[in-house]
Amino acid sequence: MNILPLVLYAAAFVAYAWHFAQRNPVVGRSATTLLVAAALSHTFVIGMQTMEVGHVPVQGKTSAISTFVWLLALSYLYIEMTTEERAMGVFIQPLLVALQAIPAFRTSIEDRAAVLQGPLFGVHVSSLLFAYASFALACVIGITYVLLFKEIKAKHLGFFYARLPSLQMLDRMNQRAIVIGWIFLTIGMIVGAIWAAQARGYAAGDPRVQAMSLQDPKIFVALLCWIVYSFELFAARRIGWGGRRAAYLSAIGFVIVLFNFVPISYFFSKSHNF
Amino acid sequence: MQLLLVGISYRTAPVELRERLDFQARGVADALRALALRGSAREAVVVSTCNRAELYVACDEAAATRQDLVHFVSDFNGVAPDEIAPHVYDVIDLDVARHLFRVAAGLDSLVMGEPQILGQVKEAHTSATEARTAGPVLNRLFHTSFAVGKRVRTETGLGSGAVSVSYAAVALARKIFGDLSGRNVVVIGAGEMGTLTAVHMKSQAVRHVTIVSRTMAHAARTAEAIGGASAAPWEELDAVLGATDIVITATGAAAPILTRAHIEAVMRPRRNRPLFIIDIAMPRDVEAAAGEIEQVFLYNIDDLQATVRENLARRASEVAGAETIVNEEVGKFGAWFRSRAAIPTIVALRERFEAIRRAELERLDFKLSSLQPEARARVDEITHLLIEKLLLTPTEQLKSLSDADTVGAYAEALTRLFGLAEPEERPNVESFARNRPPRRRA
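If you read the sequences in order, they're chains A and B. Our numbering puts the first residue of the first sequence at 29, with every later residue one more than the last. Our numbering puts the first residue of the second sequence at 150, with every later residue one more than the last.
By construction, these hints were calculated from the structure, which means they are not laboratory data. Certain hints may be false.
30 Å max Cα-Cα, derived BS3-like pairs, lysine-lysine [as the list claims (entries may be wrong)]: (1) Lys299(B) x Lys548(B); (2) Lys299(B) x Lys538(B); (3) Lys538(B) x Lys548(B); (4) Lys183(A) x Lys351(B); (5) Lys481(B) x Lys538(B); (6) Lys181(A) x Lys351(B); (7) Lys351(B) x Lys178(A); (8) Lys271(B) x Lys538(B); (9) Lys548(B) x Lys481(B).
Using the sequences provided together with the hints, build the complete structure.
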């Protein structure tokens, strides 16, 4: 089921790379069309799964990844359409392809654990997935910022200079993505904590609920992320850590997010293995 | 019908001669009218810029028209033909198309890929349309050239990258700051270079330009001369730098006026807002080490010249791609142009058939007159449709011919088989551009 979106994401990646190298407007439009097709087919897949199980598939490890990829593709398309800037596509597509490969080849069984009840759980998961999508965009924008910054500093105005928007614009987009991500990360974590407190009431015997504390790697690393991004926001506003330092921080932050999202969920977390 | 180009350009003629053959200055509309009156060309467009003066015409016989055009250039500009002749180049038919497409694409420009020429070619065509000297052939030719110019611009990097130092500086500023409209500029030094740069920056619609000079009176005078700029005394330099985004230094100082430590001190209260320093002074005004400060982008005149050289080299590497586009479009235009060679034959054939039809209807008039008016109209319609059907395939076949010899052979055969009139006696199939009602432009 997740194969078709994967194929389309891969095709979009090829088209974005081609567009980035050749800057042919026709190829650029085809790239966007392919990505829109990928997102639509992905919407269809997720919609079918939602109808099948009665809720948005976010509980199985791989289906959460699929939903995350879908959100990221939509967020990217939103940015592309509002800024009319296609240059970032070539950096975001590999992430979409790599992550979508996981659910495409390992479908998880979406059976709702009894403990996962109530609207708070849905808010918790969807806020965090949206925060992660924002951080992914911030990371990609940060990488492009550094690439352009280095070219201008080195006085060698070449490949990226001709293709990327201005440093100022990249910096502003990065900041905006971080702010949005940080807000959703905060909401997601607070709601998660409230939900865990409630769950202790009705499912105290569940070992996963018992593991929900700061000692659990997943929760600990999430808090670490929150600290990194909070610092970035503070530093950009108070001590002038905009530009390149903010770009590096958003890359580091997203590496932690990705680490938390895939390997930690799979292998280490005792609290979040549903 | 033949296409002919007669012209001079910076490649063939020195500037002294180009200045004297300036159609732009004497009025392109007058030139077109004068050219039309001579009657040697059926259609004409005059492209006149400071680097070239070219006459594009459609005519019946290129060799004779060429002579007349050289005389026209000579008469119109009051320059003896002998002076012009050695510098004139001329090409015919599809080479005219190739030349114009290369011109419109910027391939024939002094600065490879420069964008102004496309606008100038469009203007030339507009003038000809207004003077009613452009007809179907030149209209098609020029419209195709606009498309070529546009394709080369979007599909190749021929026009990309700044190729002058001042444009390179502005392009860099845009890459750092995006929109320049909210940016403050400081020019340090009120000499000639400083003034020139300040004027250039002012034309980029920046927020404010401040001139700082060791002598306040100089700064004030320069600021006044530029208009809309203000002057600040030397002592306030640090305060001014704190509020600025782009600094241009152009003093005659022997030692650097801005050291690394100095700029570091300025950057701190700015909270690392980017600072773009363009040092166009010689010797340099800014310590090179200042460029190592985070968020300080320091370019001196050599750096800017190096980027200009890189851009020129990059443009040169895009030429092959642009030439491919030109070739493609010449091919397409050529197919259309050659298909026009068959048009006189097609028209003659149609007229012959129509004449036979009319003659037969007249001959049978006494039999048809007994019919009802509707029935007569039906007979007229049926005979007309019959002719259309008969002519459909021959017309398509003739139009698809793309080689002049084949067209000639077909024309010859058809002329004999159907007893068509000889070419000279045929009515003029090209609607004479000058005689058509003026086309209003939106």
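Evaluated hints:
| no. | hint | in the structure |
| --- | --- | --- |
| 1 | Lys299(B) x Lys548(B) | 29 Å, holds |
| 2 | Lys299(B) x Lys538(B) | 41 Å, violated |
| 3 | Lys538(B) x Lys548(B) | 16 Å, holds |
| 4 | Lys183(A) x Lys351(B) | 25 Å, holds |
| 5 | Lys481(B) x Lys538(B) | 29 Å, holds |
| 6 | Lys181(A) x Lys351(B) | 25 Å, holds |
| 7 | Lys351(B) x Lys178(A) | 28 Å, holds |
| 8 | Lys271(B) x Lys538(B) | 41 Å, violated |
| 9 | Lys548(B) x Lys481(B) | 14 Å, holds |
The earlier numbered hints that this structure contradicts are 2, 8.
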